[in-house]
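Colleague: For reference, the chains in residue letters:
Protein chains: 4
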Amino acid sequence: MILHLKANVSEAELERLSQKYKAIHFKLYGTDILVTPSKTKVIEEKDQDYIGQSWVMESDIQLANKNYLPEIRKIKISDQISIGGDSKNTLMITGPCSIESESQIEESCSLLNHLNVKVLRAGCFKPRTSPYTFQGMGLEGLKLLRKVGDKYGLKIISEVKDASHVTDVLSYVDIVQIGAKAMYDQGILKACSKSTKPILIKRGFGSTLQEFVQAAEFVLSGGNPNVMLCERGIRTFETKTRFTLDLCGVAYLKEYTNLPIILDPSHAMGYSYGVADLTRACMAMGVDGLLIETHPTPKEALSDASQQLNHQEFTDLYHSLSSIAQSIGRKLV
Amino acid sequence: MILHLKANVSEAELERLSQKYKAIHFKLYGTDILVTPSKTKVIEEKDQDYIGQSWVMESDIQLANKNYLPEIRKIKISDQISIGGDSKNTLMITGPCSIESESQIEESCSLLNHLNVKVLRAGCFKPRTSPYTFQGMGLEGLKLLRKVGDKYGLKIISEVKDASHVTDVLSYVDIVQIGAKAMYDQGILKACSKSTKPILIKRGFGSTLQEFVQAAEFVLSGGNPNVMLCERGIRTFETKTRFTLDLCGVAYLKEYTNLPIILDPSHAMGYSYGVADLTRACMAMGVDGLLIETHPTPKEALSDASQQLNHQEFTDLYHSLSSIAQSIGRKLV
Amino acid sequence: MILHLKANVSEAELERLSQKYKAIHFKLYGTDILVTPSKTKVIEEKDQDYIGQSWVMESDIQLANKNYLPEIRKIKISDQISIGGDSKNTLMITGPCSIESESQIEESCSLLNHLNVKVLRAGCFKPRTSPYTFQGMGLEGLKLLRKVGDKYGLKIISEVKDASHVTDVLSYVDIVQIGAKAMYDQGILKACSKSTKPILIKRGFGSTLQEFVQAAEFVLSGGNPNVMLCERGIRTFETKTRFTLDLCGVAYLKEYTNLPIILDPSHAMGYSYGVADLTRACMAMGVDGLLIETHPTPKEALSDASQQLNHQEFTDLYHSLSSIAQSIGRKLV
Amino acid sequence: MILHLKANVSEAELERLSQKYKAIHFKLYGTDILVTPSKTKVIEEKDQDYIGQSWVMESDIQLANKNYLPEIRKIKISDQISIGGDSKNTLMITGPCSIESESQIEESCSLLNHLNVKVLRAGCFKPRTSPYTFQGMGLEGLKLLRKVGDKYGLKIISEVKDASHVTDVLSYVDIVQIGAKAMYDQGILKACSKSTKPILIKRGFGSTLQEFVQAAEFVLSGGNPNVMLCERGIRTFETKTRFTLDLCGVAYLKEYTNLPIILDPSHAMGYSYGVADLTRACMAMGVDGLLIETHPTPKEALSDASQQLNHQEFTDLYHSLSSIAQSIGRKLV
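Chains as they are written, first to last, in the numbering used here: chain A, 1 to 333; chain B, 1 to 333; chain C, 1 to 333; chain D, 1 to 333.
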């Protein structure tokens with residue numbers, strides 16, 4: 001159950017109710033909110049006096065549930081740009097898999113500026129599966145990313161891969177990306193829940209939709225309402241492509257949750273040849289954002305070389321998206 | 001290897017070469033064609049004289065390979081409509097999961113006529129997983145489907161579920177649908193390879209892309225060049241939706257094969273609420289056809305009740321597709 | 001619901017009840033049995049008079065359900081050997097993937113005779129995924145298999161791959177194997193349901209346990225009570241091995257169904273190096289049979305070369321099984 | 001490549017070689033070891049002088065590869081017990097999913113003492129997928145676990161779920177368990193690589209065998225040679241059971257890697273009814289350890305209630321294992 005408490009409930013009562021109903025407490029926009037396990041369906045009559053509004057929930061998809069908030073949550077990306085709510089915006093995010101050098105990231109920034117794309121992505125802490133490959137530039141990369149972002153007036157998003165550097169990432173970026181391999185990482189989720197920065201959670205490639213949304217519940221129930229879900233492909237028996245982009249799952253998320261959805265066809269596909277078609281399909285699904293990997297010279301990339309678009313390919317793709325956006329009543333920003 | 005023989009090679013030589021190279025022989029548009037296992041990479045010098053043109057292949061995706069025929073195969077659906085080739089057409093196919101009665105299928109025909117959709121689908125032999133549920137109207141349904149198709153000037157497509165009734169289906173329909181559960185059925189594949197009617201092969205939900213295209217090779221190497229592939233969702237760990245539509249796989253098929261691609265988002269999703277968004281995504285992928293389940297009164301349907309669109313939902317969806325088609329330079333027919 | 005009718009219900013009443021309750025009718029050991037869809041939970045009072053015993057079922061796992069028959073069905077393999085029931089027998093079945101020649105199959109028979117193994121397996125109609133590879137010896141192979149089987153006093157099992165040759169297979173073999181790719185083939189299932197020969201159904205590699213058992217229901221509800229289930233690996237994201245043997249699923253089947261279970265670790269593994277360990281694990285699971293591929297010279301095999309054990313490897317493995325069987329109170333036959 | 005350097009290579013040369021070949025350096029038993037990416041296949045001639053022995057590797061399964069060390073690594077569990085090497089030991093580990101109270105864990109210790117089982121498992125930091133369920137006793141639980149372990153002379157193993165508490169876990173337990181959801185967590189892996197305590201890595205349920213072993217490479221290449229792999233079920237399309245235990249994968253690991261293997265059938269199955277059969281199957285596979293969840297009163301367990309065995313069930317199971325162990329030449333310790 002989600003319980004919105006009445007104003008002026010004392011700290012002591014709050015504490016008592018939390019304990020009694022095994023609830024998590026947080027405060028949002030001045031309201032004290034308790035969330036109990038979803039199997040709790042009733043509040044004792046004598047406790048009803050403290051409660052303004054309440055919602056009984058079927059599963060632990062609670063704060064993210066359309067039955068709680070029926071509209072997609074509005075998330076402010078910059079002073080000019082929001083997604084969700086009544087915005088009808090689809091946000092383009094692009095940049096390289098990894099930041100590799102100042103000149104490389106400057107080239108990426110030029111592409112974004114040229115096309116008027118406002119959010120730059122680049123990884124600094126790379127969750128590689130092998131210890132013997134490039135592990136990312138780490139904190140140094142993060143500082144560099146912040147520097148060029150500021151220089152070009154871009155918002156930046158970068159990935160946190162484990163709890164040991166979550167504080168660094170939180171302090172340098174505008175949007176925190178929780179990587180697919182870190183989706184269950186409660187050290188990260190808890191740290192992000194104490195921030196108000198937008199958090200983009202990537203679906204683990206072995207994670208169910210239920211688990212995916214429940215990862216968001218960790219952040220939401222800590223008091224940060226600014227959570228986006230990013231579908232990036234799940235692992236299936238098919239190995240001709242890197243992963244399998246789950247658009248059926250996206251249809252489910254759109255129907256039942258109130259979280260903005262960002263799609264990452266680059267990681268799903270794993271090969272640049274399919275990215276343009278898939279991106280257009282994602283656009284036509286009617287989602288809140290697109291995350292596309294681009295690199296000035298993909299063949300020389302230190303990670304994910306095969307799937308990144310070069311700048312010309314991205315430019316062509318980008319120009320093909322506006323009319324699809326218009327067809328479905330959305331705007332690419 | 002694929003070998004196009006020169007004209008006037010004798011029957012005896014043809015037989016000798018087939019045996020020697022363990023090749024399948026068929027004749028198409030006057031040319032004798034041999035297809036050897038793909039691991040065969042060379043033809044002995046003394047046999048070269050019989051061979052006009054030859055292609056060495058990397059895997060048993062041979063006749064369906066872009067390295068053999070670089071353009072999507074053109075398939076004639078009616079006197080007015082073709083798909084593939086240089087047509088830029090995306091064919092709409094719709095109708096109920098199962099034909100249930102004459103009045104039901106008449107209502108479906110009215111919908112198609114109203115929207116000027118030209119191909120009607122309806123199942124007669126239903127490959128249900130339980131013996132205790134509705135198994136379809138069988139041959140009686142097939143005859144009824146033919147009757148109303150002719151009455152309304154519609155082409156009809158219906159499914160064959162096993163080899164015991166493939167002859168019946170072949171003789172009544174315009175396009176044969178080989179169902180997902182029958183994709184490996186060589187009794188069906190061989191019978192279809194001896195026809196010239198268009199054959200739509202649905203991907204088995206547990207089948208790799210390699211196996212999927214190889215199923216088409218059974219038909220192509222029997223001499224029927226009119227094969228379409230239909231992606232309809234694969235089985236994954238995610239169970240909130242019925243299957244997972246594999247658009248990454250579609251990108252692979254578009255890149256490497258010369259077969260027209262039809263998408264069936266209805267079976268993938270399993271729930272009507274997601275079908276419209278997914279259909280628009282499929283349209284934006286740039287494919288050759290769409291297969292959408294509709295029913296006059298979905299709740300009363302004897303099979304697949306949850307995923308069929310009612311006629312109003314389909315009409316709304318249908319009208320939203322043209323501008324997406326136009327955005328990517330295609331035409332919905 | 002499963003309904004055992006009282007004796008002497010007239011044909012007309014039988015027909016009326018079948019129609020009214022949409023039930024399948026068959027007669028077994030003198031009793032008329034009706035099986036309705038599982039969602040039917042009640043029989044009208046006025047029809048109760050015809051019914052001797054009845055079982056309400058939760059799902060369409062009905063005749064195979066332990067709630068209907070609590071003991072594993074006893075299936076007679078030969079005059080000397082049965083499995084299931086109170087037999088505590090684990091049946092060994094071995095032989096090559098495909099019959100390739102008389103000398104090859106004679107060598108296999110020698111192995112079986114030497115070890116006193118009583119059931120020989122060999123494929124004649126091979127459901128290959130490519131048309132360009134060895135497709136099996138077909139009917140000629142079937143006749144040869146029968147001949148050597150009789151010569152050596154062995155029972156034989158061979159696979160049917162589609163409905164076009166099911167009659168041939170039924171007439172030559174002692175046990176019919178319905179292949180994994182044919183599990184849903186109702187043409188096959190129906191033909192087998194009219195026989196009384198033991199039917200071994202292999203689980204489709206993309207099939208759920210529910211669908212697997214429901215395939216058995218097609219045979220059982222046609223009147224053939226002699227059905228065995230064979231787990232042979234499912235398709236997962238892991239590709240270092242050919243398939244993933246699902247022993248958790250076997251635990252489920254043992255708990256909830258009354259069908260004997262045969263395990264095929266050879267196809268699951270796909271590589272001979274793991275077969276011995278896996279076979280011992282299967283033995284320790286406490287199942288009714290083991291199906292192991294062996295070949296006189298595996299490297300020269302025309303199909304499944306990598307996974308077949310040579311005769312020495314099988315002999316060593318075979319000798320290691322008895323003490324495990326004994327540990328769990330079973331006997332290897 | 002793995003390079004064993006000769007004795008007395010200077011720090012400066014070590015540093016130069018590491019940088020030049022992008023290698024990781026660690027020292028083990030007095031030898032300086034460098035591990036380069038596996039795509040590096042040659043060392044320049046002028047650098048050969050520094051190298052004592054070298055191994056070229058096919059993939060980034062390097063230190064864990066049988067081609068490097070052909071024997072299963074020996075890991076000391078206590079003064080009396082080792083696994084791997086030439087020990088032929090299979091280690092039993094048992095205890096509750098979560099430590100819940102002192103009385104509960106005391107009961108578990110009694111069971112272990114009674115059966116002479118030497119390693120106690122219990123979770124303190126639970127990586128639950130929902131924030132609204134029991135999250136474990138945390139550090140308090142860890143201290144309690146240490147206390148009772150010492151009191152009863154038991155070794156203890158407990159799970160670390162993210163990098164924020166890895167130091168605590170490392171300091172209190174005898175064996176660190178890296179949970180399935182944390183398998184990729186480099187914050188944890190790096191911390192564990194700096195310890196010499198045995199590390200048990202559970203396979204992520206969406207992780208390939210390649211990634212699984214590469215997780216071990218993070219620990220091994222940090223200098224901790226004491227790594228065990230734990231297979232606990234992967235996520236597949238089958239949902240009648242919680243996960244699918246991948247014994248084919250275990251056969252692969254036994255064939256190609258030098259790491260001891262522990263099997264956890266409890267989590268794979270998810271239901272207590274299948275655990276005994278599966279545990280016997282795991283025993284017969286010939287592995288180095290078994291991890292079984294037990295609880296004094298499973299129905300009251302705060303996590304994983306359905307899959308834990310009660311003490312009588314475990315006692316019966318335990319007594320059935322010795323003769324299977326003996327059949328395959330192993331000893332249960």
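Just so you know, the hints here were simulated from the structure itself, not pulled from any lab data.
Heads up, some of the hints might be wrong.
As the list makes no split between identical chains, a pair holds if one copy fits it or if it spans any two.
What the hints assert, rightly or not - 20 Å max Cα-Cα, derived PhoX-like pairs, lysine-lysine:
1) K118 with K143
2) K240 with K254
3) K299 with K39
4) K147 with K197
5) K194 with K88
Bear in mind the structure is a predicted one, so any value in this text is a computation, not a measurement.
Colleague: All the hints need checking, so say for each whether the structure fits it.
Modeller: Hints, one by one, checked against the model:
For the identical chains of this complex, K118 and K143 are intra-copy neighbours only, at 19 Å inside a copy versus 50 Å across copies, given an alpha-carbon limit of 20 Å. Taking the shortest alpha-carbon separations for K240 and K254, only the inter-copy value of 13 Å comes in at or below 20 Å, while the best intra-copy value is 28 Å. With identical chains, the CA atoms of K299 and K39 are at most 20 Å apart between copies only, with a shortest distance of 17 Å across copies and 52 Å within one. For a Cα distance limit of 20 Å, the shortest separation of K147 from K197 inside one copy, 19 Å, qualifies, whereas the shortest one across copies, 42 Å, does not.
Taking the shortest Cα distances, K194 and K88 never come within 20 Å of each other, neither inside one copy (28 Å) nor across copies (50 Å).
The structure shown violates just one earlier hint, number 5.
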